[in-house]
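Taking the UniProt record's numbering, the leading residue of the sequence shown gets 1, the next gets one more, and so forth.
Keep in mind the hints are simulated off the structure, nothing from the lab. Just so you know, these numbers come straight off a predicted model, no measurement behind them. Check before you lean on any hint, since a few could be wrong.
[Claimed, not checked] Cross-link-like lysine to any residue pairs, in silico, SDA-like; alpha carbons within 25 Å at most: (1) LYS110 x GLY133; (2) LYS108 x GLY135; (3) LYS110 x VAL96; (4) LYS137 x LEU6; (5) LYS314 x GLU280; (6) LYS397 x ARG328; (7) LYS454 x ILE421; (8) LYS118 x CYS42; (9) LYS184 x LYS370; (10) LYS314 x VAL270; (11) LYS122 x MET9; (12) LYS63 x LEU89; (13) LYS204 x VAL192; (14) LYS444 x THR414; (15) LYS370 x LYS380; (16) LYS447 x ASN360; (17) LYS63 x ASP47; (18) LYS397 x ILE421; (19) LYS380 x ILE364; (20) LYS370 x LEU265; (21) LYS269 x SER219; (22) LYS122 x LYS314; (23) LYS110 x GLU132; (24) LYS314 x LEU265; (25) LYS184 x GLN57; (26) LYS380 x ASN362.
[To be verified] Distance ranges between label pairs, derived from CB positions: (27) PHE418 x ASN317: 50 to 60 Å; (28) LYS462 x THR2: 41 to 51 Å; (29) MET1 x LYS191: 26 to 36 Å; (30) LEU76 x GLU243: 58 to 68 Å; (31) THR222 x ASP47: 37 to 47 Å.
Ideal Cβ positions, reconstructed from N, Cα and C, are used throughout, including at glycine.
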Amino acid sequence: MTEAELIFMIWEIFNELPQIREYNFIVRLNHTSLLQAVLMYCGVEKDKYQDIYSILQDARDGKLTKFQVQTHLISLCLTDQAMETLFNLLETESSVAKISSVLRTITKRKGDVAGLAKEGLKDIEAVISNVEGLGVKWPITVVPLLTYNVQQYSGVIYQITCELKHRRKRGGQDVIAAGGRYDKMLMSFRKVLERTGMASKETKQYGAGISISLDKLVSVVTEACENLNGESKCGIDVAVCCESSPGSEGRREKEMINILREIWLLGLKVTTLDLCTMEEILEYCRENSISHIVLLRNGALKVQTWERDRFQEKKWNTIQDIIEYLQRQSESALPILNRSESKVSANDVSIVQSNPVNANINFILSERDKLSGSGRRNFKNTILAQMSFYLQRISHKVPVEIFAVFLEMSVIRTIISFLEIDEDEQIFQKSIQIVIDKHPRHKKYIKQICEEMKELRNEKSKPVEILYSLIDSAYMALL
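Use the sequences and the hints to build the structure in full.
Have a look at this one:
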């Protein structure tokens, strides 16, 4: 169960990053016993295992051609039959049932080889069953020649991989997370302690783990943002650049810190840039969809704002002037800064303001969510601007309750489809359970949202209730 829980943890973490949900992540499994059984069946001597592992790993990473793999295997004096078997399995990965069928010539034999293969397949089947039972939706494949850091593990080995754009020309998969069981490694550590008398021989320890490659994860998120038609939903709103003259470094750094703090208080995403030329700064901001650049240069304060397909420069006297300018931009629906799927113009905002509707926005936060006052104001402006045309179609006499939540649209669609909000309490609770069964990791949050919706539905004369996803910048209405 431990291995399944670790894979589920990675599933949960990746699901918190909406930008990468469309990527085709794959769970790849192997077992040290299964790998050993294949090598023993091929007649490979134990002292050649490490060389075989290196060759197979380089081949899987796309570093070696088939001809190069064959050359390396010949240099190890393997038989033709052994090389044929390894070549046939080199690119084999499939379901556990298919792999069991492929390896039947090994498992139907008698002796240690068959025993090791059966042990490995049995453990893999158990892990797959547990992973699927926990609700992980990624495809799971078994790779009998998976050798990723195999010398560290003893038991099930697992990887979470995906294909990134920069790898597609040379093949191979990027390993975003990997792990396995560490029982033998722990045993070797304990033997050292036992020799010193610091550990009891009666105590047995077992362990498993998984590591995330943060640089690969950042690459996935970055590539996902680049694919959004040039609009980085995970991007930055403001970039701050500082050019200090000799002797003024301390004062300029203090000014930069003040600007960063004030921009953060507005609820905007900000970064600092340390680039040499203005051309580099502008190019970087264009490529990353950064709408505002604050420049501290030669005693002057300037702001470059993206308007009419180019950056326009504005000069200001004080930091407070810049902050007030950015605040005005954020309070007027920010057609540039707003990177949601639905675009609005300044005219759309004026419609909302000149024809007010009876709409109230309720922010429902889970225990782990935090939202500052300025963040709420920014979200409120964005929500009203995005929904302006929809709200205009509702009579001003009809109350509208908008519930802004940190849930993906897939969960919101389930709530809207199954929630029986106008039925009696028993039916209402059953409908909540149906939603929870489909999205168990949001159990408490879903229940909280549904009950608040029910409470307002009863207090007022059946208002139109709208669920707005703060993650996906989209909404659905419950009439």
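Hints and how they fare:
1. With a C-alpha separation of about 33 Å, the suggested pair LYS110 and GLY133 falls outside the 25 Å cut-off, and the hint is violated.
2. For a cut-off of 25 Å, the pair hint linking LYS108 to GLY135 is broken: about 33 Å separates their Cα positions.
3. For the hint linking LYS110 to VAL96, the alpha-carbon distance of about 21 Å falls within 25 Å, and the restraint holds.
4. Between LYS137 and LEU6 the CA atoms are separated by roughly 14 Å; this keeps the pair inside 25 Å, and the hint holds.
5. Under the criterion of a C-alpha separation no larger than 25 Å, the hint pairing LYS314 with GLU280 is consistent with the structure, at around 19 Å.
6. The hinted pair formed by LYS397 and ARG328 fails the criterion: a straight-line CA distance of about 31 Å is larger than 25 Å.
7. Only pairs whose Cα atoms come within 25 Å are accepted, and LYS454 paired with ILE421 is accepted, the gap being roughly 6 Å.
8. Of the pairs offered as hints, the one joining LYS118 and CYS42 holds, with about 17 Å between alpha carbons and a cut-off of 25 Å not exceeded.
9. Restraint check: the Cα-Cα separation between LYS184 and LYS370 comes to about 43 Å, which exceeds 25 Å; the hinted pair is violated.
10. Distance check on the hinted pair: LYS314 and VAL270 sit about 19 Å apart at the alpha-carbon level, within 25 Å; holds.
11. Taken as a hint, the LYS122 and MET9 pair is honoured in the structure, with Cα atoms around 23 Å apart against an allowance of 25 Å.
12. Taking the CA atoms of LYS63 and LEU89, the gap is about 18 Å. The hint holds against a cut of 25 Å.
13. For the hint pairing LYS204 with VAL192, the CA-to-CA distance comes to about 14 Å; that is within 25 Å, so the pair holds.
14. Of the pairs offered as hints, the one joining LYS444 and THR414 holds, with about 15 Å between alpha carbons and a cut-off of 25 Å not exceeded.
15. A C-alpha spacing of about 15 Å is found between LYS370 and LYS380, which places the hinted pair at or below 25 Å, so the restraint holds.
16. Under the criterion of a C-alpha separation no larger than 25 Å, the hint pairing LYS447 with ASN360 is consistent with the structure, at around 21 Å.
17. Distance check on the hinted pair: LYS63 and ASP47 sit about 23 Å apart at the alpha-carbon level, within 25 Å; holds.
18. Distance check on the hinted pair: LYS397 and ILE421 sit about 21 Å apart at the alpha-carbon level, within 25 Å; holds.
19. This hinted pair checks out: LYS380 and ILE364 have alpha carbons roughly 13 Å apart, not beyond 25 Å.
20. Between LYS370 and LEU265 the alpha-carbon distance is near 13 Å, which keeps this suggested pair within the 25 Å criterion.
21. With a C-alpha separation of about 20 Å, the suggested pairing of LYS269 with SER219 holds against the 25 Å cut-off.
22. The suggested pairing of LYS122 with LYS314 is violated, with an alpha-carbon distance near 68 Å, which exceeds 25 Å.
23. For the given pair, LYS110 sits about 32 Å from GLU132 by alpha-carbon distance, which is inconsistent with the 25 Å threshold.
24. A C-alpha spacing of about 22 Å is found between LYS314 and LEU265, which places the hinted pair at or below 25 Å, so the restraint holds.
25. Simply put, LYS184 and GLN57 have alpha-carbon atoms about 22 Å apart, close enough for the 25 Å limit, and the pair holds.
26. Note on LYS380 and ASN362: the hinted pairing holds, with a Cα-Cα distance of about 10 Å set against a maximum of 25 Å.
27. Between PHE418 and ASN317 the CB atoms are about 57 Å apart, so this pair conforms to the stated range of 50 to 60 Å.
28. Between LYS462 and THR2 the beta carbons are some 49 Å apart, a value that agrees with the proposed interval 41 to 51 Å.
29. As the Cβ distance of MET1 to LYS191 is approximately 27 Å, the hint placing it in 26 to 36 Å holds.
30. Roughly 60 Å separates the CB atoms of LEU76 and GLU243, a value that falls within the hinted 58 to 68 Å.
31. Taking 37 to 47 Å as the suggested C-beta distance range, the pair THR222 and ASP47 conforms, at roughly 43 Å.
When held up to the earlier numbered hints, the structure conflicts with 1, 2, 6, 9, 22, 23 and fits the remainder.
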